[in-house]
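Please take these sequences and the hints and turn them into a complete structure.
Just so you know, the numbering used here puts the end of the sequence shown at 539, numbered straight through with nothing missing.
Hints in this document: simulated from the structure, not taken from any laboratory. Be aware that one or more of the hints could be misleading.
Unchecked claim - The calculated lysine-lysine pairs, modelled on DSS-like cross-linking and capped at a C-alpha distance of 25 Å, are:
| no. | residue 1 | residue 2 |
| --- | --- | --- |
| 1 | LYS304 | LYS347 |
| 2 | LYS130 | LYS233 |
| 3 | LYS233 | LYS349 |
| 4 | LYS517 | LYS504 |
| 5 | LYS262 | LYS349 |
| 6 | LYS517 | LYS466 |
| 7 | LYS427 | LYS437 |
Said to hold, decoys possible - Now the in silico label distances, taken between C-beta atoms and shown as ranges:
| no. | residue 1 | residue 2 | range |
| --- | --- | --- | --- |
| 8 | PHE255 | ARG220 | 16 to 26 Å |
| 9 | ASN335 | ARG121 | 55 to 65 Å |
| 10 | ARG391 | SER294 | 22 to 32 Å |
| 11 | GLU300 | GLU203 | 34 to 44 Å |
| 12 | ARG220 | GLY253 | 19 to 29 Å |
Being a predicted model, the structure only gives us computed values, none of them experimental. Just so you know, even glycine gets a beta-carbon here, dropped at the ideal spot from N, CA and C.
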Amino acid sequence: MDLNSIIQTLLNISILVGIVFIYSYLKYKFVLKNRILFGLLIGLGGIFTMMNPIVLPGGINVDTRMSLLFISGAFLGFMPTLIAAIVMLVFRFYQGGEALASGMVNTALIATIAMIWGHFRGEKLEKLSKSKMATEIISLAILTQLISVGVGIIFIGYNPIMTAVKKGWFSFFVLLPATSYFLMVEVMLAVKKYVFREKKYIEDIEYANNHDSLTGLYNRVYFDKFFFENQQKYPTIILGNVDGMTITNSTLGHFEGDNHLKIISNAILGSLDSPCEVFRWGGDEFLALCKHDSVSEIEELFKKVDVILDDSDLFIKPSVSFGYSIMSKNEFDLNRELKQCRQIMNKFKMEKGNTNRSQLLNSFEKILDEKEIESKEHSRNMSVLAERFGRILKLNKETINSLFLVARLHDLGKVGVDQAILNKTGKLNTEDWNAIKKHPEVGYRIVNNIEGLAIVSNAILHHHEKWDGSGYPGELKGDEIPYLARIISIVDTYDVITRGRIYKPALSHEEALSEIKRCSGTQFDPKLVETFFKIQFQV
1 MDLNSIIQTL LNISILVGIV FIYSYLKYKF VLKNRILFGL LIGLGGIFTM
51 MNPIVLPGGI NVDTRMSLLF ISGAFLGFMP TLIAAIVMLV FRFYQGGEAL
101 ASGMVNTALI ATIAMIWGHF RGEKLEKLSK SKMATEIISL AILTQLISVG
151 VGIIFIGYNP IMTAVKKGWF SFFVLLPATS YFLMVEVMLA VKKYVFREKK
201 YIEDIEYANN HDSLTGLYNR VYFDKFFFEN QQKYPTIILG NVDGMTITNS
251 TLGHFEGDNH LKIISNAILG SLDSPCEVFR WGGDEFLALC KHDSVSEIEE
301 LFKKVDVILD DSDLFIKPSV SFGYSIMSKN EFDLNRELKQ CRQIMNKFKM
351 EKGNTNRSQL LNSFEKILDE KEIESKEHSR NMSVLAERFG RILKLNKETI
401 NSLFLVARLH DLGKVGVDQA ILNKTGKLNT EDWNAIKKHP EVGYRIVNNI
451 EGLAIVSNAI LHHHEKWDGS GYPGELKGDE IPYLARIISI VDTYDVITRG
501 RIYKPALSHE EALSEIKRCS GTQFDPKLVE TFFKIQFQV
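Here is the structure:
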């Protein structure tokens, strides 16, 4: 085989690889729609190969148009293969020559086989492993060459064809089929891998643009695109606001707050997904567009969310208040609809306010009970003693109720302190004390964000202040300290001394009173200490 034949062989292979590359890239990137265009592309490739044939000994010309037809049959289907065959037949007729009949019959026969093969194997071929795909394609390549030999013998004659085959068998049956088809497999799979990776990258960016990163729900950016295209399909807009989200974040931390949001979003999605599209509207708000236009159906959806959330095993039971608006098809204003949603949502919040408050308090007290061994007993003792102290001070009923709440909730902020520090049996170091000294501020944030309890938040914040100004967190002095905080400070100290701590044994009632008296005017309000001693017989 001379140098020119080798060059022509490589040129044919290059044409094959180039067409396969173009086909693969466009197919996997854009979803193949215009099969006529690809048929013309394959036909044009066939013309290039016929213009640059491989010249075998004896003057026999061969090319790779048959390979192109098999590619078309396998991966493109009937129509592109038929178009490619017609283009090649027209050009072969235009070329003319002694082998015209042989070339025309060969092209028509191979195109027919390719279309039949593609019909039965096309979709299955790409699902094969790379090795199986290569084996099948190489086998078919050899088959096309054998068919070409048979057609040549019929139309040209046995002797000239067999002479050419004997001298050029390596190129005819090994080099051309193996190299070209192996490259087709490699190029096709490489392009597929590259385009799929590129496609996934684009899809990931699009997903990030349209979805909330925390919950996976659609975001407000996508809402703007979706809503005005689908308004007529979704007559109802629902707005949901998470109850107590600020408290959860400020006490248990944003990690736990994020966990709440994920659970809530899953509950909303699980309840509303079928008839609705759900969006993360803001920090602690969710929005849904629903196909329901019946109030009873809408409120039934809310109940489904509540049932799912009630089954959660979180310390603070997640809760959501919903509002809704059934939109008019003729007159629509998003701001107006959202305003109506908020009005209904706020009404629901007020109706279940006491229930939510009770659930929140119970949740926080449960957390504290599990973290600090003496918490429940300490809180109970203080509540009883504080109420008695309040009566001796002749406080009105409302103030005594507030004092009772301060006694119950004064250490609530310890939910934010590490359990190991709260139950440490040895001496606390500076770092431990700094952590514990933050609990009045945490307690203040919790209580201040619970409706109806803000009235006692300042007393909780300052219950560790001292009369001489050496307390924390504000270093308030004398009458600057809230009155209820001054009362609770005495009650707290008495109970701690008489009940003891993990790191300190309990003292007697008399020893406790002696300590309180010693600290009168420095730690405690002297007048309150004097009154406290009047109830010692009741303790």
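Results for each hint:
| no. | hint | verdict |
| --- | --- | --- |
| 1 | LYS304 x LYS347 | 19 Å, holds |
| 2 | LYS130 x LYS233 | 47 Å, violated |
| 3 | LYS233 x LYS349 | 29 Å, violated |
| 4 | LYS517 x LYS504 | 20 Å, holds |
| 5 | LYS262 x LYS349 | 21 Å, holds |
| 6 | LYS517 x LYS466 | 14 Å, holds |
| 7 | LYS427 x LYS437 | 15 Å, holds |
| 8 | PHE255 x ARG220: 16 to 26 Å | 24 Å, holds |
| 9 | ASN335 x ARG121: 55 to 65 Å | 59 Å, holds |
| 10 | ARG391 x SER294: 22 to 32 Å | 55 Å, violated |
| 11 | GLU300 x GLU203: 34 to 44 Å | 35 Å, holds |
| 12 | ARG220 x GLY253: 19 to 29 Å | 26 Å, holds |
When held up to the earlier numbered hints, the structure conflicts with 2, 3 and 10 and fits the remainder.
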